[in-house]
Amino acid sequence: MQRSLCAFTFAGLALTSLSAPAVDGVPADNFEILQPITQTPGALSGETAAGRYYVPATVNTSRWGHLPNRQAEPVLTVPSGATVVIDTISHEGILEDQGRDPVAWFGEHGVAREQVLSDAIALTDSDIKHDFKHDGPHVVTGPVAVADAEPGDVLKVEVLDLAPRVPYGVVSNRHGKGALPGEYPITPAQDGASAEHPERYGNVSIYTPIKETDDGWVGLMSGPNDAPVEFPLNPFMGLMGVAPNTDESPSSVPPLAVGGNADINELGEAATIYYPVKVPGALFYTGDGHFAQGDGEVALTALEGSMRATFRLTLLEAGSPEIPGGQINRMLGETDTHWVTVGLDPSLDEAMKDATRESIRFLHDYYGIDQATALAYLSVATDFEVSQVVDATKGVHGLIRKDDFAAVTAED
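Each residue of the sequence shown is one higher than the one before, starting from 254 at the first, in the working numbering.
To be clear, the hints were calculated from the coordinates, so they are not data collected in a lab. None of the values given here were measured: they were computed from a predicted structure. Watch out, some of these pointers could steer you wrong.
Unchecked claim - Calculated cross-link-like contacts (lysine-lysine; reagent style DSSO-like; alpha-carbon spacing at most 27 Å):
#, residue 1, residue 2
1, 386, 430
2, 606, 430
3, 430, 382
4, 606, 655
From just these sequences and the hints, can you work out the full model?
Set out below in structure tokens:
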């Protein structure tokens with residue numbers, strides 16, 4: 254864990270205390286639910302929130318299953334360097350195979366109505382359209398425009414804070430998806446599946462509360478003989494990015510060069526992501542909060558949960574010396590210790606090749622390493638991890654250690 258997961262508080266925040274339901278008799282700790290802040294989108298007020306902006310997750314600020322495109326109207330426009338607090342709603346617990354009724358679905362697991370996010374209830378009670386079969390599952394908040402951003406620029410996104418809004422999440426496995434389609438789920442689907450008959454989908458969703466222990470925050474699943482299975486949390490946003498230059502309405506599922514559903518678990522708190530701007534305003538969006546995820550994400554989902562995410566959005570104009578390597582043609586991640594290069598392709602083999610090529614390019618452009626030496630270095634010193642294999646377009650990311658180049662002067 255990079256943070257204590259303490260309650261995220263500032264002026265205007267609505268909180269509700271909760272002792273989360275037990276899994277096999279193991280109770281979760283008291284938790285303060287982050288209900289929507291009771292004010293309209295825009296600048297927050299109050300001493301602790303000076304200079305911040307807030308975007309709630311409402312029917313008007315969200316889209317369900319699709320990413321913004323170049324025609325999308327921004328829900329907010331901010332200056333470069335602004336800090337933006339964005340509420341997100343997890344799709345888990347609200348989808349059609351869960352009844353499109355979070356009060357009922359979470360209620361089956363002991364969660365009272367007042368312990369369910371009011372914006373999730375409002376979304377599912379609304380007439381916002383969502384096609385379970387054809388649309389992506391994700392609820393996407395945004396987009397936020399950055400003033401003066403133009404194609405050719407780069408948007409620098411710093412992840413400042415990630416606060417789970419609820420003390421529970423869900424891990425799902427659905428027919429035809431995941432690393433083992435056709436093998437899992439075991440229960441077959443039936444005809445007539447719908448939000449009115451969610452059991453006919455035959456899908457599996459594992460309700461998973463979180464709790465604080467002496468060693469940090471953990472998720473809880475049921476083990477044999479009333480013994481819980483505990484695993485550490487590592488919150489990050491599965492979906493972040495800027496709008497692609499298209500009039501089509503892109504599905505929220507496959508990741509793109511401009512971001513989207515990349516599902517890279519290194520890009521949590523304190524990480525920075527650089528995105529190539531393709532449309533005026535950049536149009537940043539986020540969603541798909543993950544409390545924890547293993548590389549591969551083999552079931553289909555991570556431990557998914559609603560998140561309140563805080564970002565700093567900084568515009569780097571084309572040619573700025575602050576752009577790593579002088580140019581960014583696809584998303585690039587940065588942590589305190591590593592550069593994170595990304596490869597994408599429907600084929601996992603090709604995604605690996607793509608990540609390798611991108612890593613060679615980065616080492617050449619940023620550090621001035623010749624390509625042959627770069628490939629040799631990557632072979633002996635860089636781990637390439639499978640980000641996910643479940644999002645139609647598969648992802649592989651390289652982890653390039655910064656310390657290895659301490660004696661090398663980065664190219665201007």
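Open item on the list: Does residue 430 sit within 27 Å of residue 386, going by the straight-line distance between their CA atoms?
Closed with: holds, 12 Å
TODO: Measure nothing beyond the straight line between the CA atoms of residue 430 and residue 382; if it is 27 Å or shorter, mark the hint as holding.
DONE: Distance ~22 Å between residue 430 and residue 382 Cα, so the pair holds.
Task: Pairwise hint evaluation, residue 430 against residue 606, where the allowed Cα distance is 27 Å at most - done: Within the cut-off at roughly 24 Å; holds.
Open item on the list: Check the hint pairing residue 606 with residue 655 against an upper bound of 27 Å on the C-alpha distance.
Closed with: holds, 22 Å
Hint check: no violations occur; every hint is consistent with the structure.
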